[in-house]
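Those sequence lines, one after another, are chains A and B.
Take 423 as the starting number for the first sequence in my numbering and just add one per residue.
Take 423 as the starting number for the second sequence in my numbering and just add one per residue.
Everything labelled a hint here was simulated from the structure, so no lab data went into it.
Mixed in with the good hints, there may be bad ones.
[Unchecked claim] With beta-carbon atoms standing in for the labels, derived distance ranges:
no., chain 1, residue 1, chain 2, residue 2, range
1, A, A451, B, Y530, 56 to 64 Å
2, A, T981, B, N675, 48 to 56 Å
3, B, H435, A, E758, 30 to 38 Å
4, B, A442, A, R613, 52 to 60 Å
5, B, Q426, A, K556, 52 to 60 Å
6, A, H524, B, V677, 21 to 29 Å
We put the CB at the ideal spot given by N, CA and C, even for glycine.
2 protein chains.
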Amino acid sequence: MTEQGLQRVIVEHVTPEIDAGRFYIKKVAGESIEVEADIFTDGHDHIGARLLYRHENDKTWLYVPMHMVNNDRWRASFDLEKAGFYYYTVTGWVDHADTWHHGFLKKYEDAQHLNVELLIGAELLEAMLPAATKADQKRIGKLITLMRDEKNYEQAVAEVLGKEIHHYISTYPNLDNATIYTPHLKVLVERDKALFSSWYCFFPRSASRIEGKHGTFKDCEALLPRVAEMGFDVLYFPPIHPIGHNFRKGKNNAVNAMPGDDGVPYAIGSTEGGHKDVLKDLGTLQDFKHLIKEAASHGLEIAMDFAIQCSPDHPYVKKHPKWFKWRPDGTVQYAENPPKKYQDILPINFENDDWQNLWTELKSILDYWCEQGIRIFRVDNPHTKSFHFWEWCIAEVQKKYPGTLFLSEAFTKPKVMKQLAKLGYTQSYTYYVWRNTKHELIEYMNELTQTEMKDYFRPNFWPNTHDINPYSLQNGNEPGFITRFFMAATLSSNYGIFGPVYELMYHAPYPGKEEYLNSEKYEVRYWDWEKRNKLIDVITRVNAARKVNPALQHTNNITFCEIHNDQLLAYYKKSGDNHILCVVNLDPNNRQWGLVQTPLHALGLYPGQDFIAFDILTGRSYNWNQEWNYVELDPHDMPVHLFKIELL
Amino acid sequence: MTEQGLQRVIVEHVTPEIDAGRFYIKKVAGESIEVEADIFTDGHDHIGARLLYRHENDKTWLYVPMHMVNNDRWRASFDLEKAGFYYYTVTGWVDHADTWHHGFLKKYEDAQHLNVELLIGAELLEAMLPAATKADQKRIGKLITLMRDEKNYEQAVAEVLGKEIHHYISTYPNLDNATIYTPHLKVLVERDKALFSSWYCFFPRSASRIEGKHGTFKDCEALLPRVAEMGFDVLYFPPIHPIGHNFRKGKNNAVNAMPGDDGVPYAIGSTEGGHKDVLKDLGTLQDFKHLIKEAASHGLEIAMDFAIQCSPDHPYVKKHPKWFKWRPDGTVQYAENPPKKYQDILPINFENDDWQNLWTELKSILDYWCEQGIRIFRVDNPHTKSFHFWEWCIAEVQKKYPGTLFLSEAFTKPKVMKQLAKLGYTQSYTYYVWRNTKHELIEYMNELTQTEMKDYFRPNFWPNTHDINPYSLQNGNEPGFITRFFMAATLSSNYGIFGPVYELMYHAPYPGKEEYLNSEKYEVRYWDWEKRNKLIDVITRVNAARKVNPALQHTNNITFCEIHNDQLLAYYKKSGDNHILCVVNLDPNNRQWGLVQTPLHALGLYPGQDFIAFDILTGRSYNWNQEWNYVELDPHDMPVHLFKIELL
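Sequences and hints are given; from them, build the entire structure.
What follows is the structure, encoded as C-alpha cells:
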C-alpha cells in the first residue's frame, strides 16, 4: 500500500515545468512567475491549494493561495526578488472546514435545524487551535464555546454565517493529508542583463585608426565612447588569444597563409600560450584588464569568446595528448567535414578516459577570465561539444561567479539549440537572421514566445554576425539595414550587431556565400570609425528608447497586430503602463500603407477615446481615437514607426 | 561531475509516455506499439538508436532498430504478444564506425588517398570482434588483415565500399557510451475484451416471466439465449446483494418505502449480509455460480457491480465503525449533497486511521467474487472514492486474477475521469450519451482518439444506462433509437445498452428528469422479453458485423469523412484489409443526402477504379469508382449505412 493512502487530492500537470522537472526555467529579478496546476479530489468535498516557493538559501516555504481558473485548473503567481535558484511546487488538500461551512449555508437556506452542524463545526474549529495565533486562539475558543451552547443557538448560527469564521477557515486549513507535488521545480533568477542586453561586436585587431596597423586593447579603449554613445551595453570580442602558426589560413580563408598574414583568431594556441593567454599583438593581460575597467566606466561590459578548439601548436596537444584523437599513422586528427579538411583546427575529443581532467581544465579557463573581471561569455559552436559538459560547466561557473552569462552560438538543428538552452545557456543566437517575410517573422516569434521555449530559451537577435553576411543585406540597401536592425532591437529584448560592418553598411559578399568579402576572421581590417550616417542615428535613438521603455526590455510580452498589408508588420509590447507599438515596412523599395489594429483593450481604451501615437524616431505625433489607424511608411524617409502610445 | 560524462547522445520526449512515466499505457495482445523519441548528439557524428522492450517475466531486453522520421524524431514499433506488463525504453549512441564509413565514401569520391582511413577502419572493426558471432569474427578478422595490408590497397578499398562491412557496422555497434532513456516505461497488455466488448445490462430482479414475481438467477438463465442471440458478450448486473431496510426508498425514489417495496440494490447490506452475499430473493450463491457457467456456455461473461457504500443495516457499520463518519450526536453520517439528504446510503470515509484494513477488506470483496468466477467489474461512482485506493486495488486484483477488467462508471469532470483511467480502469463510461450533433460527436471522438487519451482511456459508449434516460430519446422515436445505438456500436469498440428498456424503446421519463419513470432502481419491473422489433434486428446485425469485421474491434482507427450535410455523419475504420464506412443520418425525421468523400488513398485505390460499398444492414450493394459518392438515408427506412468496402 502506498504511503499516500490518506492523500485524496491529485496535483498534476504543473506549469511551467520543463521535461518533467529535469530542467530549470529562467527569469530575472523583479519578474514574477505564474504557476498553474490541475488540482482535484474524489467526491464533492471542497479543496484548497497553495503555491509553495522558497529561495535556495531559505529553508522554509512561503506560499500564495491558488484559485481555480476553470476545469480544475488552478493558478497563482509569486515574485522573484533576488538572484539565485528558487524552488516552487504546489500543494492541495481536502478542506473539510470549508465543505462544512458551505453545507451549513445551504442547510440554513433550507431552514434545517443546525444543532448537529454547530457541533461538527466546533470540532473543526478546535483542530485549528494549534496553528492559530494567540489572538485568534482566543476568538476561536469563544466561538467554539458558543457553538456548543444550545442556549445561544441563534447567536451561534449568526456567527457561522458571518465573515470572521471564513477567515479562520482559509487561514488555518488542516494540512495533515495534503498532497505536495513532486518533483519540486526550479527557476534560476538572473541579473537583468540576462533578459535585456544590447550587444556590439568588433574585432579588436581592426581597432587601429592607422591603416595597416594591428589594433590593440589601447585602440579598443579609444572606441569605447563610440560604442557607448550608440547605446550598447555589451561589447563582445572574438578570441583574443595567441593564434596558431601551423596550417595557418590566409585571407578569405585561403588554405595557406602568406607571410605576414595574421591568421584566424579561432585557431587558438601557439608557443605563446593558449586559452588563458592574450595575443601579444593586442597587448598584455594588464592592458586587457584596463580595457575591462574602462569599458565599465562607459556602461559597457566586455563579453569574451569561448571557443573550445586548438590550433596544432596549442600547448594542450603535447601536454594532454589524450584530449585529442590520434590517427593510426601517429598524426593528430584535425577537424573535417568529409571531403573537406580543416587542418588548422583540432577538435577536442570529449570521449576520452581523461574526460574529468579535461572538463576541469576547460572550466578553469572560464574561472580564469572571471577572475580577471569577465562575466559574459559568448560560446563558439557549443553544439559540437558534449551536452553534459555544458550543464556541469555552466552550473559550476555560475556557482563560483554568480551572474555569469553565457550566449550560445549554435546555428544548428532546432532541438539541439533548445537542448543547449535547457542545459543552462542564458541566451541563444536564433534563426532571426534568416526570417525575412511577415509570415516567417510572426511564426518564429510565436514559437519563441508562445510555446514552452518562452520559459527557458532567451533569444538574442542578430541581423548579421562576423560569420553571416545575410543575402538579404548583400545589396547594401539602407532601408533594409534599418529594418533588420530595428526588428532585432524591438522584437527581442536581447540583440546585437557585428560592427562597424553593420552600421557602415558594408555588404560585399564573398562570391556566392553568405559571408563577408575580406572577412576580419582572416585578416586585419581598417575602418572609418569616425563616419556618421542615418543608420547610426537610428541605432542610437532605438537603443535610447530601449533604455527608458520597459516594454522593450522583454521579449515574451509581444502581440502582433492585424494590418492588411503583407509588407507591413505591426506589433505591440506592454510593460505596466508603458505601451510600445512598432510598425515596419518590409519592402525596402516602395512606400506601403495600411490600417493597423491598435490593441485598445490592452490599452484600457474604448473606441472613440483619444490617445497619441508618438513616434520616438521622428518626433511626430499622431492623434488617434479609433481601433484601426492609418499608417504609411516610405522606406527612403523612415521605414519604421516606433510609437510610444500615450494615453490622455 | 555527472556519471553520464561520456554519453553524448540525448534521448528525450519519448511517446507514448503518460505524465513522465507515472502511469502505464494500455494495449491488448496482438497490438503493436509505435514508439517515438527525440534523439540527437552534439557535433556531426552519425548516431544509432534502438527501441528496447521486454515482457515483465523476461530479464533481457529485445530491440528493434529505430529510424529517423524527420527533425531528429526517431521511430520504431514492437509487437505485444502476451498479456502482462511490458517495459520499453529507447537507447541511442554515437556510431563512430558508421561515421567513419560515411567519411570513407566521401573521401573516395573526392579521390583522396585512403591509407590512414583503412587503418582507422581496421581499429573500429577490431572493436566489434567480442560481440560478433564465430562466423562473423572470422570474416571481420580477414577484413582487418586486408585493410592493414598496404599491398592489397585496391582490394581493401573495394571491400569497404561493399555491402558486407555495412552489415557489421549496423549489427555490432559500440554501445559503451550509449544513453538509455529513463524512466523505463510500462504498457499493460490485456485480453481482447478490454478493447472489444458488447455489453448488455438488465436487472436480474426483473427477469421473471410472471408479472408481479421477483426475478431470480434461474429466470436470468432463461434469458441468456436472448442476450446471446442479439450478439452481446458481456452481461452486466446491478448489485445482487442484500438490500438495506432502514430508510429504504420507495418506487420512483420516494423517501419512504411502502410495505412490500423491494428497495434499491445500491443500498447494500442488511442483517442478511453485505457485499459478499447475495439477495435471497434472487437465489443462492450456488444459483449465481450456475448462472455464471451457463452464461459462459452462451459466450457471455457476467460483469458484477462494485458499489462501495452501505445501507445503515450493513454489517460493516457495527463491525468497523471507524470506516464511517460519526456525528457529534452519535449518529452515523449519511450521504448528502446539502441541502439534500440520502439517509439510505452511508458513504465510506476513506480518511480514517484504519484505512489499511479498509482497503484490504474492500479488495477482498473483489477477490471473493473472482473466486466465484467473475472477471469483470463495473464500478459504481469510483470518483467518490480515494484515487490511491483504486490504483492499489486494481493492480492487486489483476496480479492475483490476471485478466480482470474494470469499467469506471464516473460521469463527472473530465480530469477526474481521465485520472481513474490512468490509475488502472480498463474501460470508462463517457459523455457519449450527451453528444448528439455532428460537431459534438467529431470533436469528442477526436479528443478520445487523437490526444494522449488514446493511450490510456478506453471509452465504452452507452446510449442509455439505468441511471440515464437521455432527453434525446424521450420522444421514443425509432430512428433515434437506431442511430444512437448504431453510433455507440461503431464509433467505439466497447459499448453497451441497458435493456430491455433500450431495445423495447421504453422511454417514459420521470417528469423533468433524464431518468426513467418507474425505474428498476426502485422497483421490480415486468417486461415482454419475447417481443421482436426492427431495433432488435438492427442490434443483432450490427453485433454480428462487429464480430467478423476487425475494423469495428478498434476505436482509435477512426477517420471522419467529409460530407457536406450537417445532418450526415460519415466515418471510416480500417484494420488490415478490412474496411468499414459508416454513414449516419442524425435527423430522425427527414431524408438526408449528400456526397461522402471516400478515403481512396487509405483503400489503396485511384479515382476511376471500381469498388463495391456493400451495406451489411440492408444487403444492398453500390458500385462506386469515384472519391465522392452519393448517399441518401431515409430515417423511416434505415437511418444508417454500414458499408463494408470490397475491393475488386
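Which hint numbers does the structure go against, in order from smallest to largest? Hint check: 4 fails alone, others pass.
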